[in-house]
Amino acid sequence: MEQNFVYDLIGENLIGYVIVAAMPLMFVLVYALVAILGELKISAWIQERLGPMRTGWKGVLQPIAEVVKLLQKEDITPANVNKPLFNVAPFIMFTGAYAAYAVIPFSSVFVPSGINIGLFYVFAVSAFAIIGIVMGGWASNNKYSLLGAMRAAAQMISYEIPIAIAILAVATLAGSLDMQEIIKQQAGGIWNWFLFGGTGSIAKVWVIPFTFALFLIYFIGSLAETNRVPFDIPEGESEIVAGYHTEYSGMKFAMFFFAEYSNMFVVSAIITILFLGGWQSPFGDFMNGPVWQSIWFISKAMFFVFVQIWLRWTLPRLRVDQLMYVTWKVMLPVAFVAFFAVAFWAMIK
Amino acid sequence: MALYDVIFYLFATIVLVSAGGVVFSRKMMYSAFSLLFTFFGVSGLYVLLSADFIAVTQIMVYVGGILVLIIFGVMLTTKITGVDIKSGTLGAFQMGIAGLASLAIAVFMIIMSMNTQWMQKDPLAETSTTVEAIGGLLFTEYLLAFGVAAILLLVAFIGAALIARRK
Amino acid sequence: MIETYLPLIIMLVFGFGIAVVFMLLSEWLGARRFTPGKVSTYESGMPPRGTARERFSVKFYMIAVSFIVFDVEVVFMYPWAVQLGTLGISAFIAMMFFIAILFAGYFWELRKGGLDWD
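One line per chain: the protein sequences are A, B and C, in this order.
The first sequence lines up with residues 1 to 349 when you count with my numbering.
The second sequence lines up with residues 1 to 167 when you count with my numbering.
The third sequence lines up with residues 1 to 118 when you count with my numbering.
Chain A with its partners taken away, still in its complex shape (with noise of 0.2 Å):
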């Protein structure tokens, strides 16, 4: 409420609500575009070979080239599909992976919707996708898309567990669900962040192990949440074609993907929220004004973003039951033990 430039300049209206409503937009659609050439030169670079060329300096002016590609695509509909439910998943997925952008708090100034159950409502949110991706592959009447379907929702919900008890660690820290909040109290420098146990006296020390573990746990499950490698099972081209995507074309298709690489973000976003001290500064109070904050917190949350990408280009891919052991018989205690250890010390700090 207090914490939004927008207000201060033309006041808490209706106009006021709209502007700050429609700015993450901008901001998602630009990201999406980045992450797109990102995806193809990292592709390339790891791949030792040079990727787009040809549009613009370098191929910079590919991801607009696809845009206009995809938007100049026939809309099929293929004839044995359920229609009613075939058109409205894509829609599903894509206001779904917006409305997580609404508690993303980009500086100290800038929160779209400052709600004070801002990470209950992110990790919530989540939900709509795994709808979204079971509507599509179900009404999609085609084997592969089914199949994906399903895995990707079997797996979605398996690691939304571990995610859930990782941020609760965090939320035990911070005493509370703000955004806003959790960032504040990771004030003062690279030393106070969550990933190394908040602020504190050097006692801390014993809890870093632990957060760590929690940290690497929400790092493994959000990767597992996005579809991405090694945990892209449910779109593995090599058993089911392109999973719950696979009778998508033209615009819906880019919708489903640009979900994909809008969720990339958020939980990119989240990472740096709970454990990288979100917009603070690593060099405490130097740096730290409203501008800067959000340099600091698109350049962290990017960071995640290229590390994802790194990753698909250079893991194998997990097969299902590795997958399902995974989570299950591993993440799941870890995190539970890694919950009870924070807990303890957030209790008696």
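Hints were generated in silico from the structure; no laboratory data involved.
Idealized CB from N, CA, C, for every residue including glycine.
Watch out, some of these pointers could steer you wrong.
[As the list claims (entries may be wrong)] Computed list of chain C residues with no C-beta within reach of chain B, every gap over 10 Å: (1) 20; (2) 47; (3) 105; (4) 112.
[What the hints assert, rightly or not] Taking beta-carbon pairs under 10 Å as the criterion, some of the chain B residues facing chain A (in silico): (5) 36; (6) 40; (7) 43; (8) 56; (9) 58; (10) 72; (11) 132; (12) 136.
Since the structure of chain A is provided, determine the placement of chains B and C on it from the hints.
Relative to the frame of chain A, chains B and C by itself:
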């Protein structure tokens, strides 16, 4: 304030239309996916009632959990081999009984809601969040209920495993 | 509190609106050339066999049930996490009991092989 009325009627319409879809649709998958919008609309109504925690819980548990379970459940059914799974219709006699029972319940609910002293709350009143109050009460006054919930969850877990196990 | 949620609701409308705009743009710009092969179900170039409406394994259902149990538990834990500082040791112990009861079920299920995927 007019804006909040607009939002209320928007969500109320979503709830009513989609709930109608759940009940009247002959295809089970349509009913299941229609529930998504019902849950979403109800959670919007919760927000208008300043029950933010309940609203998000609604999305998280019902959309993320129950709905996925329902869909997986539909996919387990035997009648699935048809193109679209359909629910059967009742005969005229059963329909009459069901209609009368529903009508009685509806009349009862309407009379009850007319005669209840509802707690009036200004939608613009300054409340930050309900999470803290819920947390405070749950672990002091309602600790026993919380314990019972734990047992209930355990029973659900074990029961589901027993029913679903293959061997 | 409601006014904090207003931008959120507007964002949902915007998200949906931009999706509609993109769809309409694609409708307007996109080609439209109908061929029967194009609208047939994709099955690696072969004529589709059988049906995609097969019954699914109960494993998925088990995963969903386990998820709901943990999900509900997590919902209880969020208010607890926020209030831990004020409630202190008694709430901490209560929650550990809660988790212990859940984990009794978890280990039972683990031993019975309910979480195996094969």
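Cross-check of the supplied hints:
Residue-level check passed: residue 20(C) sits 16 Å from the nearest beta carbon of chain B, beyond 10 Å. Against the 10 Å criterion, residue 47(C) stays outside the reach of chain B, whose nearest CB is about 17 Å from its own CB. Listed as a non-interface residue, residue 105(C) fails to keep its Cβ farther than 10 Å from every Cβ of chain B; the least gap is roughly 4 Å. At roughly 6 Å, the least C-beta separation between residue 112(C) and chain B is not larger than 10 Å, which violates its mark as non-interface.
The beta carbon of residue 36(B) is positioned within 10 Å of a beta carbon in chain A (closest approach about 5 Å), and the interface hint is therefore held. For residue 40(B), the interface hint holds, since its Cβ comes within 10 Å of a Cβ in chain A; the closest pair sits about 8 Å apart. A least Cβ separation of about 9 Å between residue 43(B) and chain A falls short of the 10 Å threshold, and the interface hint therefore holds. With 10 Å as the threshold, the beta carbon of residue 56(B) comes within range of chain A, its nearest partner Cβ sitting at about 5 Å, so the hint holds.
Because the smallest distance between the Cβ of residue 58(B) and any Cβ of chain A comes to about 8 Å, under 10 Å, the interface hint for this residue holds. Hint on residue 72(B) holds. Least Cβ distance to chain A is approximately 8 Å, under the 10 Å limit. Hint on residue 132(B) holds. Least Cβ distance to chain A is approximately 9 Å, under the 10 Å limit. Nearest Cβ of chain A to the Cβ of residue 136(B): about 13 Å, over the 10 Å cut. The hint is violated.
The structure fails hints 3, 4, 12 (numbered hints given earlier, in ascending order).
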